[in-house]
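Enquirer: Could you slot chain B onto chain A? The hints should help.
As you go down the protein sequences, you meet chains A and B in turn. Following the working numbering, the numbering of the first sequence begins with 1 at its first residue and continues without gaps. Following the working numbering, the numbering of the second sequence begins with 1 at its first residue and continues without gaps.
FYI, nobody ran anything at the bench for these hints, they're computed from the structure. Check the hints yourself; a few may be wrong.
So the derived list for chain B, only partly shown, Cβ under 7 Å to chain A, looks like this [as the list claims (entries may be wrong)]:
| id | residue |
| --- | --- |
| 1 | Ile75 |
| 2 | Leu76 |
| 3 | Thr79 |
| 4 | Ser202 |
| 5 | Pro211 |
Here are the computed distance ranges between Cβ atoms for each label pair [what the hints assert, rightly or not]:
| id | chain 1 | residue 1 | chain 2 | residue 2 | range |
| --- | --- | --- | --- | --- | --- |
| 6 | A | Ala125 | B | Asn210 | 44 to 50 Å |
| 7 | A | Ser395 | B | Gly209 | 30 to 36 Å |
| 8 | A | Leu336 | B | Thr197 | 21 to 27 Å |
Virtual Cβ for every residue (Gly too), placed ideally from N, Cα, C.
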Amino acid sequence: MDTYDVIVIGTGAGGGMTIKTLCEAGLKVCALNAGRELDPAKDFREHRMPYDMKFRGQDSPARQRQSVGYMDNEYVSSDVWEHDIAYSTAPGTRWTWPRCNGVGGKTNFWGRSAARMAEIDFKAASRDGFGVDWPVSYEEIAPYYTRVEQMIGVASTIQNRPSNPDGSYLPPINFRCMDYIIEAGAKKTGVPYLPDRMAQLTQAHNGHPACHFCGNCTEGCDVGAFFSSPYFFLPLARATGNLELRTNAIAREVLVDENGRAKGVAYVDRITRQEREVFAKTVVVAASCISTAQILLNSRSRHWPTGLGNSSGQLGRNLCDHLYGTSGYGYMPQLLGQPSFPDNVSSATIAWLPRWQNLDNPKQEKFIRGYSFYPGGGCDEFPSYYDDIEGYGASYKAEIKRRYPTPVSFTVQAPSQQSEKNFVDIDPDKKDIFGNPQVRIHFEWDDNTLRMWDHSKQVCEELFHNMGAVYQGHGDPESPGWSLHETGTCRMGNDPKHFVTNRFGQSHDVPNLYACDASVLLNCTDKTTTLSVLAFSLRTSEYIIQQLKSGTVTSKAPSAG
Amino acid sequence: MAGQGPSRRELLQALTLASAAAAFTGFGRWGYAFAENAAHHHDTPKSDPGPHTNYNPQFFTPSEYHSVDVLCALILPATTSLAHPEDGTKTYKTQPGAREAGVAEFIDFMVFSDPTLQETFRNGLQWMDSASAPASTFADLAAPQQDALLQRLAFAAKHRAEEKVGQEFFKLMRRYTVMGFYTTRIGLESLDYPGLTFYASSPGCTHHGNPEHVGI
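The following block holds chain A by itself, in its conformation from the complex (with noise of 0.2 Å):
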């Protein structure tokens, strides 16, 4: 049996990550991964039209019927999405768990925004009296931050907000009509209205080709013009010659030595149901921040008999996610009958309004922390507004059209904070059709993230109204695991008593045991994780090397400064 330096569970952002810098830096890597590869000219069809597709885009129906996640549709192969690994939920939980299982996860359709997060996230509850600090500075980490922009290409440009440090950027995405009009209204209301931070290449980069503003890019790009770990990752990571990429691997549970330590992995075939074993000195969880925890919880032993690495009981613990939600929908009367416009060639947002609560006095407002917003709107796919029309006939369909550039709304983006209710754990009854005990969820939004909400309805009506927009009115909260932004369940931190993890992301624990995901973030911020988890994944496998390569495998990181 062949034994590896690193094994590395899962490919996306914080696995694609671990896996090209301990691929370049010599060191003999297998990953696993729960699904198989991806070929985008076959899986991605963001260049369909609807009337291309049996039900306009929609998924087959017996699909849809199984589907736990709103991604399923006809633009993507539909065994993209994991259908086949249950999950429970506890009651009263509501958990939308949209997961993808090819090579690469979810950095195949994410939304790309990628801002960094700051000291003010990060030493919140210094300021606040709420929570933990993360264990780490932002002097310490933006290094990393810069390293990852550079490899990845960001657009936006330099704004000098506290909350929302600066990095090195390519050129921003072109501001629309409603991006002017949005900002005018805002400058009125008294909150920011900026380029976001946009993963997407408004100029090539690095061997990628520049965007071509087709607009569907959350349906898989088919030139690689936005970050993904197959096409910016995985490639360089071969080429050293140093990769054994396993597919349809579905990870079961890290195995330990009679010391306890970890040395393989043992994994389930999807395709032929066989259970198989892998070896290696160091073991990397990189499956995502729910998935990361399961796995950790199923691998019990006389050692570890609740779980891998989890001496602090913490394992599985402090789920945090952001609320997603419409705060605000209404259409802008200055855009009536204007001609049609490519407003949405980045498919997601081109410009939010980053946090702008809580900045000076960290208990300004009647929440603690922050949120930011992202618009949407303009010319569309489809007139989503037609039920606000009255009528029917000639009449009707001259309004549709009229109405075509002006839909504008806001979805916040707000944080749930660490609460003992948030956790996740291992089903005493149920087990997966490939024989793992399934991962059960218990979530419910904070009264401080419902306080968000509430407070981003109010500032919509008002910048409705300073834009000299229509309010037609607001959505509900989404249900959680909407976002994709779960973080928590192996929080980093110095005290091995309360921290599953070290600041490098390394178990105290199991010293060759590490995290590279969204787990080992402390919280959700009014921030999205991924270009965090690249950041903290860097981080994390330069710390791998120098272990490994100084032969002194310790858990005794040493302590921030």
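Expert: For chain B alone, kept in the frame of chain A given last:
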């Protein structure tokens, strides 16, 4: 941020189905050209409302199907507009409507594919027929009477308390007509849908000096 652009996602949610269309034999007027092994998807999608062939409804009776087709054409009719509004020449162009886009076929396919819709559509069509007395069906009504009935169903100010079933059916019928129409090439062209075009750089606003876009 996860997920798709809001409108594609909303459309997909709206189209959520409950049953497979195993016996589906294909469309006539509205053909789809989805090929699992298409050579390369940068190719121009080749699907268009083809010439009308005799479409056999999968769910509706011939009479029901006729009513659906009539309703589609009333909800989103073919229209004419000035071909060159900017230069004032009085030449007109015809903009096809839901009938030309084969929306009745789409609705039949969707209702056939989703048992949870079937009773509602059948009852609704029966309600329309009974409200059309003394004509035997809605389709048999003269145009002014069809219009008078639709006015009562479509506008809140003209609603009648005893016509709840008809109002709900009209809403459903209009919803499926809109979904069917604006997912065809004809429907998207009627909006001058600007997506799925390739640009060398991101297109930006050209109303320089007028950020609030007043009086553009």
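Enquirer: Each hint should be assessed against the structure and marked as holding or not.
Expert: Comparing the hints with the structure gives:
Contact between Ile75/B and chain A, as hinted, is supported at the beta carbon level, the nearest pair being about 5 Å apart and thus within 7 Å. At about 5 Å, the closest approach between the beta carbon of Leu76/B and any beta carbon in chain A falls short of 7 Å, and the interface hint on this residue holds. The closest approach between the C-beta of Thr79/B and any C-beta of chain A is roughly 5 Å, which is under the 7 Å cut-off, so the hint is satisfied. A least Cβ separation of about 5 Å between Ser202/B and chain A falls short of the 7 Å threshold, and the interface hint therefore holds.
Interface hint status for Pro211/B: upheld, as the beta-carbon distance to the closest one in chain A is roughly 4 Å, under 7 Å. The hinted range of 44 to 50 Å is satisfied by Ala125/A and Asn210/B, whose Cβ atoms lie roughly 46 Å apart. For Ser395/A and Gly209/B, the hinted distance range of 30 to 36 Å is satisfied, since their beta carbons lie about 34 Å from each other. Judged by the Cβ atoms, the range 21 to 27 Å given for Leu336/A and Thr197/B holds: they are separated by roughly 23 Å.
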